[in-house]
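Two chains, each in its own frame: build the complex with the hints.
Heads up: the sequence lines are chains A and B, in that order.
Numbering follows this note's numbering, in which position 120 of the first sequence is assigned residue number 120; successive positions increment by one, without gaps.
Numbering follows this note's numbering, in which position 52 of the second sequence is assigned residue number 52; successive positions increment by one, without gaps.
Because the hints were derived from the structure by calculation, they are not lab data.
Just so you know, even glycine gets a beta-carbon here, dropped at the ideal spot from N, CA and C.
Be aware that a few hints might be false.
What the hints assert, rightly or not - Rough simulated footprint, nothing fancy, chain B against chain A, three-plus residues with beta-carbon under 8 Å: (1) 45 to 52; (2) 71 to 83; (3) 101 to 115; (4) 119 to 132; (5) 137 to 149.
To be verified - Some chain B residues close to chain A (C-beta under 10 Å, calculated; not the full set): (6) 37; (7) 85; (8) 87; (9) 91; (10) 178.
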Amino acid sequence: MKETSVTIISTNINKHILDNYKDYHVVEQKFKIDELLNYKKVIFFNVLHYYDDEKIKEIFKTLEDNNIKYINFTNNIEEALYTSYLIIYDDKKILAEGVTDEVLKCEKLIKKVGLNLPFITELSLLLKDYDLVDKIYKDNASLKGALWK
Amino acid sequence: MEIRKLLNESGILGVISTYQSKLTKFKTLLDLNIPNVEKALKIVRLDESILNKKYEDLTISELWKIELITKLREKVIIVGNLSLALNNQDIEYMQKLFKKLNRDFHKQIIIIDNDVKVFFNLVKTIIVIRNHEIVYKTNDFYDDDLYKYTKMPKIIEFVKFVNQDKKRINKTTDIHELIKDIYRSVS
Chain A
1 MKETSVTIIS TNINKHILDN YKDYHVVEQK FKIDELLNYK KVIFFNVLHY YDDEKIKEIF
61 KTLEDNNIKY INFTNNIEEA LYTSYLIIYD DKKILAEGVT DEVLKCEKLI KKVGLNLPFI
121 TELSLLLKDY DLVDKIYKDN ASLKGALWK
Chain B
1 MEIRKLLNES GILGVISTYQ SKLTKFKTLL DLNIPNVEKA LKIVRLDESI LNKKYEDLTI
61 SELWKIELIT KLREKVIIVG NLSLALNNQD IEYMQKLFKK LNRDFHKQII IIDNDVKVFF
121 NLVKTIIVIR NHEIVYKTND FYDDDLYKYT KMPKIIEFVK FVNQDKKRIN KTTDIHELIK
181 DIYRSVS
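Chain B extracted, bound-state conformation (with noise of 0.2 Å):
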């Protein structure tokens, strides 16, 4: 109950905890007979050759895409992983495109994964979750006891370390604003 509270609070909901894909094998993409899927392939950013590829050749970042392409249609988008499956420029266009999926097609969306980093920008409460119950909630990326569960992203571990004898940075999770700040702190 809390979690449908949340999501309908914020429309985009970051929790960690781990995941499980649901994505069961295919023989070839054209088995899952997705509905226009050459449509849903370029929302996701993946070739049309790809239909034609086996399951076994798909790589990590493919599978990924196609179990998002699998969900495209559901009300509440439950995704899982980006940080093991997707590199830099892929999860900073996902973050994009769910944005996009909130704000103009109303989709609620589930992300879970461990590196805090996926949610900069882009969720405003995060939520722990172990043996399916909430353990911990914030809405600040510079909590420390969020990270009493997690790893802590090396920005914020830069920023506090630099601020843990007295304050000299303002807290930030963009690289260009902390260079700004680091500029007006030392000249």
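Isolated chain A, as found in the complex (with noise of 0.2 Å):
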């Protein structure tokens, strides 16, 4: 995998899936960033729910400075927005991966799998429904900016 920062959305994963990341340090613990400058890689399983949205970019902002390459497993789909590349895995496979804002536009297949979009991007695409907004919205400020000008 050539990008540096990757956020991997699967409920249907066990930790086999990690045999494909030896060179990898993976974190499953809460933790401090410090501990994670020794790495040149690091995997985040299902760990990061710990956090709140700006630790967690503290976080990634922290690795990117260093240089360190990231993989996020996740089974909450709202950290797919703190990545730019995302891949939506079930079932021993991967179901699509791509530019974040892209792969999140896969609505059906998101759902297929049991997941729901990122709660400002489903609300977009409702007030989108409604023709209140013409675009899909990354956060509360320029969603809320648009609704009540």
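So this is what it looks like as structure tokens:
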């Protein structure tokens, strides 16, 4: 995988998947950012739910500033918005992969594997159906600004 | 004692805390000798093919459902970490199952999770437990103090953000209600 920051969304995995990433340091418990700086490649395995948005952004920024490649395995679709590359994985195969914004357009596929879209994406899409907005928004401030001008 | 009282009052209780699975390692599900296992599998929406699957090959969500199977006969069912193990469809199904177990079979259910979204439309009371003590209790998903202990769900974050300078929309935990309210507000 050549991308430096990737989110892999799946609820149908077990740890065998990590056999494909033996050169990565795997993080499964709460951690301190400094501990990660000793590694070149890091995997977060269903662990970032412990942290709020700001902390996750800080973790990823620190890794990027230190040229550390990372993959975030999660079943929380909200975490997809933190990386620019997204893979939807289910039943031992990749169902979709690419630039996050593009993959999130595969609404039917995402719902077929039992997931929802990130809240702000889903809300934008529903508001678009009512002609209340004309695009997908990524944050509360811009969506609020578009609705209550 | 207080947990017992709250559980008697509400039947299903939401708990913000950490949860450690009680499921001990087994070779295959058959080794657990679960009575009426085929029926139990159906209840948690697992296929019978799972019976011969090795522990190591089970997925996170399968292990979660197996742990629930082992508890179905208990009067008080304690489950945890739904948000980590299950997808949205499974969570919605389990919410319905818990309501049914409580209503029709008088089971009391304690759900331990750090994601408040899991409790929407399911629990009336949420408690926060830290170091074995109840440190907070609320009946309001929009209670700011609750979010000193855990992350705020995105829908609540959005409604609070929109209303921070002026009340525009009502409190809700349902995205379709939210859409209707936004429509009323901006039209």
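Hint-by-hint comparison with the structure:
1. 45 to 52: holds (count 4)
2. 71 to 83: holds (count 3)
3. 101 to 115: Since 3 is at least three, the answer is holds.
4. 119 to 132: This one holds; 8 residues, not fewer than the three required, reach chain B with a Cβ under 8 Å.
5. 137 to 149: Contact hint for the segment 137 to 149 of chain A vs chain B: holds, 6 residues under 8 Å.
6. 37: Violated, about 21 Å.
7. 85: holds, 7 Å
8. 87: holds, 3 Å
9. 91: Since the shortest Cβ distance to chain A is 9 Å, the answer is holds.
10. 178: This hint holds: residue 178 (chain B) lies near chain A, its Cβ roughly 7 Å from the closest one there, short of 10 Å.
Comparing the model with each earlier hint shows a violation of hint 6 alone; every other hint is respected.
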